[in-house]
Amino acid sequence: MKNILNMLFCILKYLLLIVAFVSTLYIMVFMFQRLDKDLLQSYRVFLPYLLLFILFCVNLVARQKSVTHNIFYNICCCLVLATIAYCGYRAIFDDNLLLSGKTSYGIDFDYYNDFIAPMEVMLYGLCIANVCFMFKKKKEKQNIENELVKK
Amino acid sequence: MKNLLLEYMKIIGYTVTGLVFAYVSFYLILNLYHSMELSRKISINLDEDSTYSNVINKIDKVTENISNFNSGDYHGNIPVGDLLTLKGKLEICTRQFKNDTFIQLKDKSELGIKDIYSFATSFQGFVLNGCLIQQFYDLSVEKEDGSLPIESIRNFAPFLKTDIELMIASSENTISNINYNNIYYFTTDHTNDTLFNKSAHNFYKTLTYYDKAADMALELSNWFQNEVSR
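Those protein sequences? They're chains A and B, same order as listed.
Take this note's numbering: the last position of the first sequence gets the number 151, and nothing is skipped along the way.
Take this note's numbering: the last position of the second sequence gets the number 230, and nothing is skipped along the way.
Calculated directly from the structure, the hints in this document are not laboratory data.
A hint or two may mislead.
Computed cross-link-like contacts, PhoX-like style, restricted to lysine-lysine with a CA-CA straight-line distance of at most 25 Å [claimed, not checked]:
hint	chain 1	residue 1	chain 2	residue 2
1	A	Lys2	B	Lys10
2	B	Lys87	B	Lys161
3	B	Lys10	B	Lys89
4	B	Lys114	B	Lys143
5	A	Lys102	B	Lys198
6	A	Lys102	B	Lys161
7	A	Lys136	B	Lys10
8	B	Lys205	A	Lys136
9	B	Lys212	B	Lys161
10	A	Lys136	A	Lys37
11	A	Lys102	B	Lys143
12	B	Lys10	A	Lys65
13	B	Lys205	B	Lys87
14	B	Lys198	A	Lys65
15	B	Lys108	B	Lys10
16	B	Lys10	A	Lys102
17	A	Lys102	A	Lys37
18	B	Lys61	B	Lys205
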């Protein structure tokens, strides 16, 4: 059961990473267009996405089971990315946010702008945790692998 | 030493994940609560509220007052051109008052924050701009030689000017109260008051402004009716 759940969250976090990234990109493109700024200046927002993506790839390629089989980390990733996607959804589709109707873009930039800093904090947090989980004692590594073989 | 360091890494990893987990949970619940708070609706029953029917009655009375005027039959002291101008302005006003948003209110039993906002903006657009400012305000402003566009309403002019200026300030304040509803924090009694309760309060406030504006139009039309029926 735990393995199935883990697998589920593991796949879900990759999907949610794409959804969260696309929603952020969509809003940032219009936000910077509105401010007459170059999108390259928004690299600060996308940097944690890039880092997390690289770390996820490293986890996959190097088969780091200490990370990919850490259910707490996987649930946390899913929650963070789902929250980002949800906030993006609200900024675009929630009609009750009255400022979204004020601009011709139909996006509440004011609402999303407040969310950018917490989003970065959470994504960087996930990156740091990922790096910390990467390194395991050899013995512990062996135990995890044995446990998986048994199951 | 290496093992100790790795052990610490593990502890740091779980601590950071725990912190992120707590933060994201807080954020998610906060957003869900904010979303729920914004989608709350207030129940209204305009049959029980006399203000709405008062406005309708007053506007009907204005229409009645100006409809009987025939410039050919008038033999009073006021220039016919002035009366015709005032009649035209009052006609435009009655049309602005009966805008779609206002009329459709009667069929609604509950209102969301967006409805209240569009009601307030329709007041600003149709009644305040379309009627009071564009039609009446210039009547209250003296020209360089000290005369008024329609000299005969000199008695009304100061009240018109003050009332319209007051209404501009108050209606702007009403709209800005609910405009910035995108700030998401757990609602304490105070913030709740500035969000949901305030938007409900603003609906009735806007309805009162409609009533006040209708009073102005009615006052002018009553004067008009008295003058032309002499």
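Each hint, compared with the structure:
{"no.": "1", "hint": "Lys2(A) / Lys10(B)", "result": "21 Å, holds"}
{"no.": "2", "hint": "Lys87(B) / Lys161(B)", "result": "19 Å, holds"}
{"no.": "3", "hint": "Lys10(B) / Lys89(B)", "result": "78 Å, violated"}
{"no.": "4", "hint": "Lys114(B) / Lys143(B)", "result": "41 Å, violated"}
{"no.": "5", "hint": "Lys102(A) / Lys198(B)", "result": "20 Å, holds"}
{"no.": "6", "hint": "Lys102(A) / Lys161(B)", "result": "30 Å, violated"}
{"no.": "7", "hint": "Lys136(A) / Lys10(B)", "result": "8 Å, holds"}
{"no.": "8", "hint": "Lys205(B) / Lys136(A)", "result": "65 Å, violated"}
{"no.": "9", "hint": "Lys212(B) / Lys161(B)", "result": "13 Å, holds"}
{"no.": "10", "hint": "Lys136(A) / Lys37(A)", "result": "44 Å, violated"}
{"no.": "11", "hint": "Lys102(A) / Lys143(B)", "result": "37 Å, violated"}
{"no.": "12", "hint": "Lys10(B) / Lys65(A)", "result": "14 Å, holds"}
{"no.": "13", "hint": "Lys205(B) / Lys87(B)", "result": "29 Å, violated"}
{"no.": "14", "hint": "Lys198(B) / Lys65(A)", "result": "53 Å, violated"}
{"no.": "15", "hint": "Lys108(B) / Lys10(B)", "result": "59 Å, violated"}
{"no.": "16", "hint": "Lys10(B) / Lys102(A)", "result": "48 Å, violated"}
{"no.": "17", "hint": "Lys102(A) / Lys37(A)", "result": "20 Å, holds"}
{"no.": "18", "hint": "Lys61(B) / Lys205(B)", "result": "23 Å, holds"}
This entry does not satisfy hints 3, 4, 6, 8, 10, 11, 13, 14, 15 and 16, going by the numbered hints stated previously.
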